[in-house]
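Take the two lone chains, each set in its own frame, and fit them into one complex as the hints suggest.
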Amino acid sequence: MPPLRPLAGFGTLFRWGLRLTCRWPRLLAIGLPAIILCALLGEGYVGGKHWDRPNDEWLDLWILFDEGMLGYILPLIALLTIASGLRVEIGRKTFVYHLVRPVSRTTMFLARFASGVLPATVLSTVVLGVTCIASGLDLPASVWLSLPVTSFVTAVAVGAFYYVVTTLFRGGMIIALVYTFVFESLFAGTRGAMQKLSIMFHVRGVHHGLTDEVFKENSDNVVRALDPEIDLGSIDWTNVSAFQKLQERVAYDDPMSAFLICVCIAAGLLVYGAWRISQRDFPLKD
Amino acid sequence: MSDVPSIELQAVSRWYGEVLGLNEVSVQFGPGVTGLLGPNGAGKSTMLKIICGMLKPDLGTALVCGRKPFNRPRVMRRVGLCPEQDAFYPKASAWRVVAYLTQLHGFTKAEARTRARQALERAGLGEVLDRSVAGFSKGMRQRFKLAQALAHDPDVYVLDEPLNGLDPSGRAQYGAVIEELADEGCCVLVSSHILHEVDALARRIVVLHAGRVLAEGSAREIREDLAHFPLQVRVTTPEPARLASALADVDGVTQLDLTPSGLVVLTSEAALLLDRVAALTAETDIAVDAVVPLDEDLESVFRYLTQ
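Chains as they are written, first to last, in our numbering: chain A, 1 to 286; chain B, 1001 to 1307.
Isolated chain B (complex conformation) (with noise of 0.2 Å):
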């Protein structure tokens, strides 16, 4: 088994009946943190269960610090799972099922004891250890995911969509600890279907759509592969009609529509398009009350990287 904290698959295929949940997916994770960006349906949940044995890909190899997950519960002692199910034992508190956890990582029931009171004091519960789960809300359900994942040290972390539910600072927290991680020199891999929480989040982005990888590397990296992306914009004027004629010329507009929430811009070169917008109200006496993206969503950016 490899000392270097490392997630590798090769050539990866899992099929649920007819439909395809990851298509010859290759890829290496190491150490630090690694964003799994796609939409829904996207594959990433599959890629995560694969890598953590829950899952057995149909076709192609899965190897967790140089070993097979699938059934083998020897590599689990390094793998920590944030899970993207809600799943709480009823009635328990949360350090108690904690502890348990952490039990069959085989600690003492002192020394489990005392890691899950640590773990839930570093995701920030450590004013509710002793507070059912059932009555958490989803940020602190979120935090109590986490904190089962950490409380038994491993060095590969699998954090399946961890910030869904979580307020501004409960982010902000939550991202502390995942930097921490990855700054002891873990292997940390978050998956999203949004882009700037992976973009926060990650050094590296790795993009799945349709059981593929569509594109890898840096946020920088994948941001200049799309500079192109062809964008909507709804320009909000008293005047739009007029603004649509001021803005045919700009290089990169392809279409225009005058829609009764605004005028709507697509374009490929947003810069040129927004500094246009902004020459012109302050050299005409078009007024302008807001510009808004439309579509910078994941969704588009899919489906321009697939086109």
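Isolated chain A (complex conformation) (with noise of 0.2 Å):
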């Protein structure tokens, strides 16, 4: 009986799981609320009225990026598409057939989070475009063209972390939602270089590498917000805070190393996972 080959079973499994996971309820019940919610932000957010900074539409959007779609609505989608993949297999016991297939533990896990990175990244991409259409911003190409490159970053970085948690524990939907609101929250609070431990700074550190040139170059508030050296009290603003709080973060690495980072976070964590999985028995009881 001849071995099996690497990856053996992963084209067939991905496109299994690419079947359960865009089905059209699925998507419409993540999708559309979040495509609504971010053409509400876009258009309202950007160009609103703000209590603790100037008015100014570049800044506003460079900030809705930043905060609401990179802190919040990007990982949620992330978690919403990739993280139930292998539990959902596991918790209805239909994990069962395939521990008796010739395809590696191994193998299961990790196309079971393809299948998920790329319904994340299509959604994530879109749910980005329509918050740039509805800003009415003139943006650049180079902006659009970022867009795929962080969603892609956010799935595969922040979805790795969704993703182990979630198949290995059983409460690991609830371990996400605090590592999301809690510890990310924490850790971009914190000053110097703690945050760093927190996965969305690097991927931060990509989409900033890709488009702040572009918000440098149609906003001065863009450039006071991300320079620190910049003295605040020149300006004549009667309430910084917000710019106190941007000028507080440490600064990012260039767009190929966070990248790079980024990917070494994923494929550590999908790794160990996969170790754990393979090494790991399965009752499957009823």
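Quick caveat, the hints were computed from the structure, so don't treat them as lab data.
Among the clues, some could well be false.
Said to hold, decoys possible - Listed next, the in silico DSS-like pairs over lysine-lysine satisfying Cα-Cα at most 27 Å (straight line): (1) A/Lys93 - B/Lys1056; (2) A/Lys285 - B/Lys1068; (3) A/Lys93 - B/Lys1068; (4) A/Lys285 - B/Lys1091; (5) B/Lys1056 - A/Lys285; (6) A/Lys93 - A/Lys285; (7) A/Lys216 - A/Lys49; (8) A/Lys196 - A/Lys216; (9) B/Lys1109 - A/Lys93; (10) B/Lys1109 - B/Lys1091; (11) B/Lys1091 - B/Lys1138; (12) A/Lys285 - B/Lys1109; (13) A/Lys285 - B/Lys1138; (14) B/Lys1068 - B/Lys1056; (15) B/Lys1068 - A/Lys216.
In this text the structure is predicted, and so the values were computed from the model without any measurement.
Laid out in structure tokens, this is it:
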């Protein structure tokens, strides 16, 4: 009997996973609220009045991407599309049919992750695109091209974390939500190198590396927000809390380094998850 | 890897925390049908899950066709499992699911689809290929589970409680498929907690109880071992007291209880008791409405075997 090819069965598992993830009711349930929310944010938040900074549409979109999109919406899309891939199979015990096939557990684990990453990337790109359109700003091609990259990096990096915790732990979904809403905010709010413990810090590194030049060209406020040396006292605004918060951030790595860090985080998590899955018993009792 | 389909357990033990699932079980299964018999909690499913590589033995070695099955997907080319779990994809048709699972064995899409259709037809689901498994009856789901095990043409079959929920004609059809597999030289392991089910299917029976192999052999050998197994029999008669006194001296009768539903007799010689009851109805005016064995179930057999 010949040995198995590496990743034998990956394509079949990937297509099946994609089929399960991309059911219309499921996609609509995740995508439609996100698209509506982002359209409203793009239209209302960008160009709206803000108490803590001057009115500047470019700055608004820059902050919306940084905080709203990369802080919550994209991670939540990744959570809803990627996290439950294998957990659902284990939970409803259809995993039992897979365990008796000539397919390694590592392949199953990786294929189901990949089948979540693709729809998460597409959906996130659409959501970011809707935000850009709704903002009404004339964005250059480089920003549009950065959207699928940012979406993909988010899906891979933070998606890998969600996928591993939900697959390995029963309360994984709760862990993932706590991570998104508590730990990510906590890391983002701390000063110094602690910020680098956040996965999204590195994803933001990729996003900002690809788009900041465009925003700087169109907004002096973005330039000020990104310059830690600037004397905020010289600015004629009564309230500069948003700037102070932005300036307390550690400088991002260059986009290629940030991208590689994201890939390494995802690879590390996936290797650990695959190893745990391959060592694990699956009684799958009724 | 051995060419002959075989399963071998060498002193296999498995714990669930402090609960012992299997206790130093050593047993071999070769071509043909073997029945794995035991009450709930005997360790049948644990044994089958170890054989299918879903659980790792804590001690001892499990071998399928000469290779350890845990996390060795290569071995699974030769294994077909009909699981006990009712696990289904809610929206997918039976044919699509079987085709998908068959494709995981390396078949092309077209070949997997053809095999899936053939397997479902062989399992008696030819008319409902395109229906969702979620809408199937319990019996149809059992056939579906058989089909997905058959489709890739393995030579080691592990069927966990396969006859649960099947009607008599379904059982007959399922039994015929199992016989065909045995005739083809496959190693078929069928688990059940119902004695007559296994008796009808398997030439060899392994009795498990509390994680240990209690008895092993053909159905006849086990039956002979159980020949003196004390049996409770209820005799329904309008005159239980009179009948009781007439049966008191029959060899093997150790207890007589007058209950509202009839006379309950505990005997180790059921044949002698039946002969005597028949003689009494013929020779005297004692009427007997019914004679019903009360504990032919497996639990009582195990109680006897463990004594």
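If any of the earlier hints don't hold here, list their numbers in rising order.
-> 12, 15
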